[in-house]
Every structure is written in structure tokens, then in C-alpha cells.
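Chain by chain, the residues:
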Amino acid sequence: MIPVKKIEIIIDEFELPSLLNLLDQAGVSGYTVIKDATGKGDRGVRSGGDLTRVFANSYVLTVCPEDKLDLIVETIRPILKQRGGVCLVSEAQWLIH
Amino acid sequence: MIPVKKIEIIIDEFELPSLLNLLDQAGVSGYTVIKDATGKGDRGVRSGGDLTRVFANSYVLTVCPEDKLDLIVETIRPILKQRGGVCLVSEAQWLIH
Amino acid sequence: MIPVKKIEIIIDEFELPSLLNLLDQAGVSGYTVIKDATGKGDRGVRSGGDLTRVFANSYVLTVCPEDKLDLIVETIRPILKQRGGVCLVSEAQWLIH
Amino acid sequence: MDANLVIGNFLNPPILFFFLGVLAVSVRSDLEIPPPIPKILSLYLLFAIGLKGGVGIAASGLQLQVAITLAAATVMASVVPLYAFFILRRKLSVADAAAIAATYGSVSAVTFITATAFLDKLSIPYGGYMVAAMALMESPAIIVAVVLYRLRSSDRSGFAFSWSELWRDAFFNGSVLLIMGSLVIGILSGEAGAKALKPFTTDIFTGVLCFFLLDMGIVAAKRLGDLKKAGVFLAGFGILLPLVNATIAIPLAYALGLSQGDAFMFTILCASASYIAVPAAMRLSIPEANPSLYVPMSLAITFPFNIIAGMPLYLAVINRIWS
Amino acid sequence: MDANLVIGNFLNPPILFFFLGVLAVSVRSDLEIPPPIPKILSLYLLFAIGLKGGVGIAASGLQLQVAITLAAATVMASVVPLYAFFILRRKLSVADAAAIAATYGSVSAVTFITATAFLDKLSIPYGGYMVAAMALMESPAIIVAVVLYRLRSSDRSGFAFSWSELWRDAFFNGSVLLIMGSLVIGILSGEAGAKALKPFTTDIFTGVLCFFLLDMGIVAAKRLGDLKKAGVFLAGFGILLPLVNATIAIPLAYALGLSQGDAFMFTILCASASYIAVPAAMRLSIPEANPSLYVPMSLAITFPFNIIAGMPLYLAVINRIWS
Amino acid sequence: MDANLVIGNFLNPPILFFFLGVLAVSVRSDLEIPPPIPKILSLYLLFAIGLKGGVGIAASGLQLQVAITLAAATVMASVVPLYAFFILRRKLSVADAAAIAATYGSVSAVTFITATAFLDKLSIPYGGYMVAAMALMESPAIIVAVVLYRLRSSDRSGFAFSWSELWRDAFFNGSVLLIMGSLVIGILSGEAGAKALKPFTTDIFTGVLCFFLLDMGIVAAKRLGDLKKAGVFLAGFGILLPLVNATIAIPLAYALGLSQGDAFMFTILCASASYIAVPAAMRLSIPEANPSLYVPMSLAITFPFNIIAGMPLYLAVINRIWS
Ligand SMILES: Nc1ncnc2c1ncn2[C@@H]1O[C@H](COP(=O)(O)O)[C@@H](O)[C@H]1O
Ligand SMILES: Nc1ncnc2c1ncn2[C@@H]1O[C@H](COP(=O)(O)O)[C@@H](O)[C@H]1O
Ligand SMILES: Nc1ncnc2c1ncn2[C@@H]1O[C@H](COP(=O)(O)O)[C@@H](O)[C@H]1O
Ligand code: NA
Ligand code: NA
Ligand code: NA
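Residue numbers (my numbering), protein chains in the order written: chain E, 1 to 97; chain C, 1001 to 1097; chain Z, 2001 to 2097; chain G, 3001 to 3323; chain L, 4001 to 4323; chain H, 5001 to 5323.
Don't take every hint at face value.
Restraint-style ranges between C-beta atoms, simulated for each label pair [unchecked claim]:
| hint | chain 1 | residue 1 | chain 2 | residue 2 | range |
| --- | --- | --- | --- | --- | --- |
| 1 | L | D4030 | G | E3191 | 28 to 36 Å |
| 2 | G | E3191 | H | R5168 | 32 to 40 Å |
| 3 | L | V4075 | E | D67 | 34 to 42 Å |
| 4 | C | L1071 | L | D4030 | 50 to 58 Å |
Once the Cα atoms are required to be at most 30 Å apart in a straight line, the calculated DSSO-like pairs of lysine-lysine come out as [unchecked claim]:
| hint | chain 1 | residue 1 | chain 2 | residue 2 |
| --- | --- | --- | --- | --- |
| 5 | C | K1068 | C | K1081 |
| 6 | C | K1035 | Z | K2068 |
| 7 | G | K3229 | C | K1035 |
| 8 | Z | K2035 | C | K1081 |
| 9 | H | K5091 | H | K5228 |
Please keep in mind that the hints were generated in silico from the structure rather than gathered at the bench.
The beta-carbon is built from N, C-alpha and C at its ideal position, and this holds for glycine as well.
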């Protein structure tokens, strides 16, 4: 097992394609997405999207080596600033198989 | 980035409205919900809900500053005690944007 | 609250029954599953499954006491090796209720 | 018991699809109707049966007979959970006994709907107001069971109990509201509305029912495993109580002067057990009760028993008594 | 205003199901149509209305009249957001004013569809090409509003804006593409295609619409709460602007020589506000605008107003002028 | 090749909706059929085609001819993967060659269904037992391919392989079970069942098929990108192998004395490639094989080729030979 950084992002479903693009640009080795999240934050309740997807969130998890963290965080910071959302970073161990 | 506490709760979908109410009362700044989780625990397999939503779980994530943790945990403890479910707390860094 | 290990696994939806079987064998006290995850990794983009479930991921979370970690990790390592997927381990506190 | 009825029922596509679902589970096939499709199919069935009932009432008008039948239905839905509770208390905790009593006092809309398909196939008419009877029978058992539970149970740990929540849940849960709403809309919109909606509510109805019963077969077969823990007492209860209820319902229907079709529908309502509305209500009002008992009992024992053996049996008895 | 029209509209099943949805929310029932079913129902409605329109065009052919009407529709869809914007700017930021202007300049397919059901019930014919008018009216308002926004707004923080993205989103968003595609397929496949598809696109149409409006009632009632923040100005705007638009549309339709049915459809298009295509486009092009304003305005105020009061009102006025 | 057939096929609504789906992806529209709707549409199609087949068999009875045709279908489904495997081995690993061989040996139910719509439009009859042929052809190729893989591959890292799992998966996967089950139910429930189900299984069938092919167009166009990696060899294989299979199937059908409609359905079965049942089976039995090869080949090359060019081509050849 090797130590890694776990980055969790909650963002509007609409911004998901842009965010994944940015992650790719920052050179992440992969990511996992769970759509259909709902929630509440500074912009009020986001009750999920059906007819209009405007109020739906997505949850994105990406894991990277420690030395890539800064690059990734700085790459995604502007989109969070402009479009809202949350980003959390924590420590984890990656199982090598 | 500032250090925060990450609280993850897995609870019956039925109890979700009560739980979110309690979180609001405890003054969280926000939360994220993923419905349609399934699982297994002390009360056996919970295979998810369709016709009867009785066996469906929800996953709730809420992030708070360290000094709010105790209040939140004590607010939600009774509902977990009576209705079942799991609560995990871990360390994380919140990206300020 | 007691310290525990949090194990997160992302695996092909097809392998989910086998994985949960292995977790049961390793004696976990429970787990939580979120189906319908998508993602990208060594095997390319996995865009989720509809007609053919071949490209769908699942997210599995299981929490265990520290002393069980090794057993669990070694039990699931072979399936990740052969079928792909990701396993992360991190620290958490379990709320006793 | 008329063998033709049994065989005819067996060869009815909806029943055959129920068996196909059971077969799928027993050969461990991956056949499944993914969520939330079963939910929407059940909403469709409630919608369609409500409208049909409303149109039926609009056509026939409301007579005294109808009012009496609806009153009798409400009474049965309140009395069944009482005796069910005291039988169940011999073996079970107060919470579990109350929850199962509510389950059997209330009704199963899908059993009702399958019964309408059964009658349709035999060209036996029934009154649209029986749909109103069904809607009226959903809630009383919930109230009765919760009252029993609150009277008999000492353990009331922590959480505040709200009677107003309970009433709301009993009378305005999704199923009740959709059936009642569709019924009223069926009455209000009359002939013209009925004609515009017929292709959706009537023509494709049997096909949707087949699809839905395929899913019911899968779900029932999966839940059957849970029942091993429940034991013989509860499995037996799941078959005997419907028979007891039918034994009360048939003479009562006769005494009330119901037609054969209406008597049959009345009987199937009394004999059926809820697995959608009641479990939800119990989870909120009697959280100590174990849903792994009351859900599989009604879903995996009573529902199949009623649609396979119960329907032809009840009708055969009714045919004999009425003729 | 003709009382029969109002009552007739009220007793139409789709409208009644809309009220049932509102009722469900107001009694806090758990009745809901689970996602993604509402989405698929809306796709079905677009598909069916597009095909019907195409078949209608194939049957009648395209005349000069049609081309003029389509041009007028496009002009209205471009002009409405202009005056809407300057009215809204009195109280709102550039971003919010532009987004709401786009919402009201564009059209609501579901309002259009509900209006076709209203006409069908009254046996008033309308031309298939009105579907094309609807499709043409979806996009211009988006473009106009974004141009206004970019001219008037100073704050352009960071992210690159792409005109080509905007055009694509305006003209090839899912709704526009599906209606237009179905319309063209309806034209191409002609008589034979129409016959094969009729049971799906026409016969069960009203039933599906009822189901969909049940969901719309639920969603509209839920969103109504958001509007408390928005205040009286926006709520009033959501009713007055449709009336203003209709006041322009009706004489224009008369001047263009449209039939009563076509004039009514033209009016309802001008009076309706988008809540599917435009919110999505605004989120991408004017992210500063607050969706908690423009979504509930069109969904919880203008949509109910149009289908309940607007439809009989517009038709009564048209009937009086044309006769 | 008859130009009328080609054009007639092109103007068939289901085919046109397939193109609409392709168009949506190529203009990067957000049009999509959200999961799990495509899944349920495919279940509906299997259900409907199974019932129709069963009713057809019940009406015509089972003759020797039928048994011979079913045997021939099974043989073809076992032989195609053999020669496909050895062709593919020239360029690919054992695992990939075996998985693709299974894909092309098995059949595509949606291609079959689209072909029935094609025949229906031309009023050419075909036997209900061809549905049984389809169901029988799903599984043998899976078994043959796995046997080839296990004989030829040395690398068997770790995980236990279970033949019983494989057999279960091959013969009781969801598609096979639903078709076979519906077929049997169609036979058992006979005339009366057929009549009750007709509005659901037959009348709305074409409409649902259009919707489903819209989704297929979207999915196929999206998957086409994956094929760039696969290269010209595999793309060519995806077109040439169906042609080879058809070249064997047509004379065989002639020799067996099939009618033109049955010969056409037999040919389309041999020429089609699976993308639902086989990928699932391969993922379990040959995990080393890369699904990014076999899924897009059948979905984005062979499926469109068959429904656009293959159907009129095969029928033109059959018309010439039979007349
Ligand atoms: N404190 C929090 N904990 C967990 N999730 C949050 C929190 N704050 C915001 N979120 C999530 O992030 C989404 C966007 O937040 P915001 O941009 O602040 O409206 C919300 O809808 C939530 O899903
Ligand atoms: N050890 C565990 N790890 C992860 N999730 C768990 C664990 N135990 C329970 N859960 C989740 O919490 C739900 C309720 O647990 P319980 O109340 O113990 O039945 C289960 O259905 C699981 O989804
Ligand atoms: N670096 C990563 N961060 C988060 N999720 C990942 C990462 N790499 C892979 N995954 C997930 O694991 C799945 C399987 O990965 P793989 O076996 O590498 O193709 C992917 O589809 C992703 O959902
Ligand atoms: Na009952
Ligand atoms: Na408008
Ligand atoms: Na084949």
C-alpha cells in the first residue's frame, strides 16, 4: 500500500464535463463519478435534477500521489470559485495489486 | 485549505428527512446526499427499495469545522440509536475557493 | 467513538457479487454499496452500464477494526488483480450508538 | 372447487408471468426489472384502476347499497387487525404483532388488480365502487394497529411520536391518494374523459400487469429466503388468516346482497395483505417491528397464495352459495 | 370569458391530474413520480407531438401562409426577451434579467401539448406546422438574452465563453432536436408511418399526458416555496408578461389570417415560458443568474396560470374576435 | 439489389430514429434516453416478440419443418464462432478472438425485431417459431467460444472457473429466459391471451421500437469512437463476417425449404451479432478479453450495417433466388 491523496469534489452536474476535462489536463490517473447526488450549501438546497438538470449535483473522487496534489487543486480551483461546489482532500493508502 | 471534520452517515432512506432536519438544527453549513445505497449491517441485508422503500439506505456527507463536531454528533446519535445506521468521522482539508 | 479502518473499493458491477462474498468470508460486520458509478482508470473510460452492464462500476464501503484490515485486504487483493478496480484504506472514527 | 377455474387462472398470462419471475430467481437468472420501473408500473396500475372505478361509479350512480358496502369494508379493515393482533401476540412481541396485524388488516392493490383481470377473463362484472372500497380499506388497519401498539407497549425510547404524522401517512400516502384522486377524476371527467383515456388505462392494462407480475414473481421469490428465519408459525399464518378473513367476508357479502363479482372483490380485499403502504407506515410508527417479517409474509406467502389458489377458491365458494 | 370553456378545461383529466399533484404536496403526501420517469414522459410527449405535426404537414403541404407564420413566430421569440429584459432590469441584475427574459421569450413544450389536448377536446383543428413554430421558438430567445447579457454585463470572471457552444446548445439541445427530428420523420414516413405509430403516439397520448401533469403539479407546488424569496414583483411578472405577450400575439395572428386553432396555438406559444431547455442553456451561458428565480417563475407561476386560466381566456378572446 | 427496398427501409420510422440518434451525437446534442429506460424498452421488446412468436406457434402448430429449422439454427450458432475464431486469431489474442467469435456466433434480438418491423411493412409473413430459433441461437456460441478459449489459452491466473456458472449464464441469462418464457406463455395462453395482450404487445410496438432505436443510434455513435483503436481489420470483420454468414445462411434456408419470410429471418439471425447477452457472459468467463473491442464492433458496426444495408440486401437476394 502506498500513501496517496484522496480528492473529493461535489459540483453541479452541468459542470461535470468541464471538471473531468480539467482533471484529465492535470494528469490524474483516473477518477470515479457518482451522479444523482443532492445537497445543500451556500447556494441553497439542490434537490436533484429531473426535467431541468439545473439543481443536480455530482460526486467525483480522484486519487493522486502527494506531489500531484497542488497541480490538481490549482487546476480545479477556478471552476469551483465561479460555479460553486466543494472540494475535500484527505489522506489514504492505495492498495497495489 | 483548512482542516475540517468529515462526517459520513448511512441511514435508512425513511429517516433521511429527520436526519437532515437534525443536521440543520445543529447548524451545519451544508450536506450532500446520495440516495439508493444498499448494504448489510446488524439488521441484515438491506437490498434497496423499490415498491416498498423499507429496505433502502441513504449516504449522507457533511463537513464541519472541528469545534462543531461534538454538537453534531450528539444531535444525531439518538436517531442512529433508535433507528439503526452508521456514522463515521474523519479528518480532511477543505479547499477554500 | 472508536478508531477504525475505512476501506473503499471501486470495482466492475459484474464483480460485485463475488466481492461481497469475499468480504463476508473475511468476516466484515457490514458494508455499503452504491451502484451506478462511472469512471476512468487503467482500463479506460467506464461510462456506466445500461443495455450491456459491462462498463458499469460499483462503489463499496466497508469499515473494520484495525486488526482485521490485513485479512480483508489480502482476501480481496486477487480479485482486484485479475479483474481491475481500486482499493483505498483510510483512518476514521466510528460513532458508537 | 371448480377445476376449470383453477386451470383457467393458471393459464392467464399475468399469473404465468408471475411464475416466470419465480423461475428466474430459482435458476439464478439475472433477469430483473430495474428500479424505478416497478414503482412506476404500480403507479400506472393504481391510476388506471382508479379511473376505471370512477368511470364505473359515474355510469351507475351511488346507491344506498354502495354506502353500506363501503361501511362494511371499513369495519372489516378495522376488525381484522384486532383479532390478528391477539393471535400473533402468542408468539411475537407487541411491535411485530401490531405491524403484522396492520399488514393483514389493510389491502393489497395489486391483488385487487389481478383479481379484476381474473373476473374480466371470466366476463363477470363488478362495480366501480369496489375501487373506493379498496381505497377506504388501506388506512384503518394502520390506525388500529398503532393504537394497539401504543396501548400495549412499554418501551417508547426517545423519539417523539406524532399522531398527526400518523394520520397523514395513513390517509394521504401515495397509494391512497393516487387511487382516490384517479377515482374522483374518473367521476368528474365522465364519458368524454373515459373515452380519451381508454387506450391508456384499459387497452394496454393487461400487458402492463403481466410485466408487473413478472417483477412481483422475482421479488416474492427473493424474499422467500427471508422467511426461513420467520418459521412455520408465520408462514402458516400467512395462508390461514386470508382463509379466515374470506370465511367471514363471503357470508357478510351475501348478507349485504352483493352481486357475485362484488362479493368476490370484497372477499379478495379482506383476504389480501399490504406490502407497499403499510410497511412504510410501520417503519415510521412502529420502528421496533422487524420489516423482514411483515414484508416477506405478505409478499412471498399471502400474495402468491391469493392469486394462485385463493382467487379460484373464493370464486368457487361464492358461485356455490349464490346459485 | 366563456364559463363553459373554463369549466370544460377544469374537468379535463390532464388538468385535474395537475391539481392532484398540487394536492399531494399540500397534504405532504409521499406521492411522487420517481426520476427519470418524468424525463422519459417528456421525451415521449415531444416525440409524439413532433410525429403528429410532421404527419399533419405531410397531409396539408407547406403553403406561403405557413412560411409567414413561422417567420412571425421567430420574430416574436426574439422580440419578447428584449422588452422583458428592460422591464426586469428595473429590479434585477443584468444576469438575472437576461436569464428570465430568455425564459419568457422561449416556449414551453408541455404548455403547447396541454393546449393541443384542450383543442382536441373542443374538436378545434390546428395545423401540424405549429409544431415547427414551437421548435423554431425555442432557441432565438436564448441567443438574444446572452447577447444582451454580454453587452450589458461588466463582470466576466475567468471562464472562457464560447459562442459556438452557445449556438450548439440553443439549436441542438435535446428538446429542439427531438421535436424537429420527429417532425421531419413524420413528414418523411407519411401515411404508412403514421398508421403504424398511431396507437403509440395518439391513442395513449392523453393518458401519458395525465401522468406527466401529475408530476408537473407536484414539482410546481414544491417550487412555489422558492418564490417567496422572489417577491411580488417576479410573481406578478410571471402572470402579466404572458398576458402582454398574448395581447400582442392575438392581433398579430389575426392579421396573418390564421385559423382560430392556429391563432390559439400561436398565442399559447408566445405566452408560455421555458423550464427545460432555457434553464440548461442559462446555467452554461449566464452562470451568475440565479436558477432559483427563473425556474420557479416559469414552472410554478406561468405554467399553471397558462393551463388553468390562460387557455380558456385566450380562446374566448380569439372566439370573439374571429367571429 | 432492389432500390425500392433500400429506400423503403430508409423511410421506415425506426430506421429514421436510429439516424436521429446518430445525428444527436454528431452535433453533440444533450439528447439522451436516461438509464434504466433503454433496459426496460429492451425487456418490453423481448416480451412482445416472445408472446407474438408463441401465439404464432399456437396458431400454426409445430411441424417437422420447424424442428429441422431449429436444429439448423443451433448448428449455425455453433459453427460460426469456430470459423470466426480462426480468422480472428490471425491478429488477436486467444481471449479477444474467442470473445468476438462468441459475439458473432450469437444473435442480436434487436436486429431480429427491427427485421420483423421491416417484413411487417412489406406484408411478408414469417413463422412465430423463428422467435424460438432466435432464443436457441443465443447460447451455443458462448459455450463454443469458452471451450476454444480454455483449450487454447495457457494463462489461467488465479480465479476458479465454474462450468456450471457458464451453463447457467448461457441458458438462463435474462434475455434468453424472457424470450423463452414469453414464447411459452404465448403458446399456453392462446387466442384469449393474445387478444387481451395485443394492444400492449402489437399496437404500440412500432412506437416503442422507434424510441429504442433512437437510443441505439446514440449509443452506437458514441461507441464508434472506441473503434478507432480497434483498427481497420476489426471494422472490416464487422461487415464482412455478416456477409459471409448470410452467404451460408441463404442457400441453407433454401435447401431446408423455408418460406421467404422465414429465410430472411434465419439469415438476419446468422448475420447479427450480440451486444447484450454475450458481453455479460464474456466478462464473467473470459475476463482477459477487452470489451472495448467486442461491444463497439457489434453495436457500432454490425448492428447499423445489418439494419441499414443488410436487411434490403439479404431480402433482395432471397427474392431473386426464391422466385
Ligand atoms: N458543508 C458541506 N458538507 C457537505 N457537502 C456540502 C457542504 N457544503 C456544500 N456541500 C455540497 O456542495 C454543493 C454545492 O455547494 P454550494 O456551491 O455551496 O451551494 C451542495 O449542494 C452540497 O451538495
Ligand atoms: N461495517 C460497515 N461498513 C460499512 N457500512 C456499514 C457497516 N455496517 C453497517 N453499514 C451500513 O449501515 C446500514 C445500516 O446498518 P445497521 O443499522 O447495522 O443494519 C447497513 O445496511 C450498511 O449499509
Ligand atoms: N486514480 C483514481 N481515482 C479514483 N478512481 C479511480 C482511479 N483509478 C481508477 N479509478 C476507478 O476504478 C475503476 C477501475 O479502474 P481500472 O481497473 O484502473 O480501469 C475506474 O473506472 C474508476 O472508476
Ligand atoms: Na386484508
Ligand atoms: Na414565450
Ligand atoms: Na450471428
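We went through each hint and held it up to the structure:
1. For L:D4030 and G:E3191, the hinted distance range of 28 to 36 Å is satisfied, since their beta carbons lie about 33 Å from each other.
2. Remark: the range hint 32 to 40 Å for G:E3191 to H:R5168 is contradicted by a beta-carbon distance near 53 Å.
3. The supplied range of 34 to 42 Å is broken by L:V4075 and E:D67, whose beta-carbon atoms lie about 59 Å from each other.
4. Between C:L1071 and L:D4030 the CB atoms are about 30 Å apart, so this pair departs from the stated range of 50 to 58 Å.
5. Under the criterion of a C-alpha separation no larger than 30 Å, the hint pairing C:K1068 with C:K1081 is consistent with the structure, at around 21 Å.
6. Between C:K1035 and Z:K2068 the alpha-carbon distance is near 29 Å, which keeps this suggested pair within the 30 Å criterion.
7. Between G:K3229 and C:K1035, the direct Cα distance comes to roughly 29 Å. Compliance with the 30 Å bound is thereby established for this hinted pair.
8. Taking the CA atoms of Z:K2035 and C:K1081, the gap is near 27 Å; set against the 30 Å cutoff, the hint holds.
9. Between H:K5091 and H:K5228 the alpha-carbon distance is near 16 Å, which keeps this suggested pair within the 30 Å criterion.
Of the numbered hints listed earlier, those contradicted by the structure are 2, 3 and 4.
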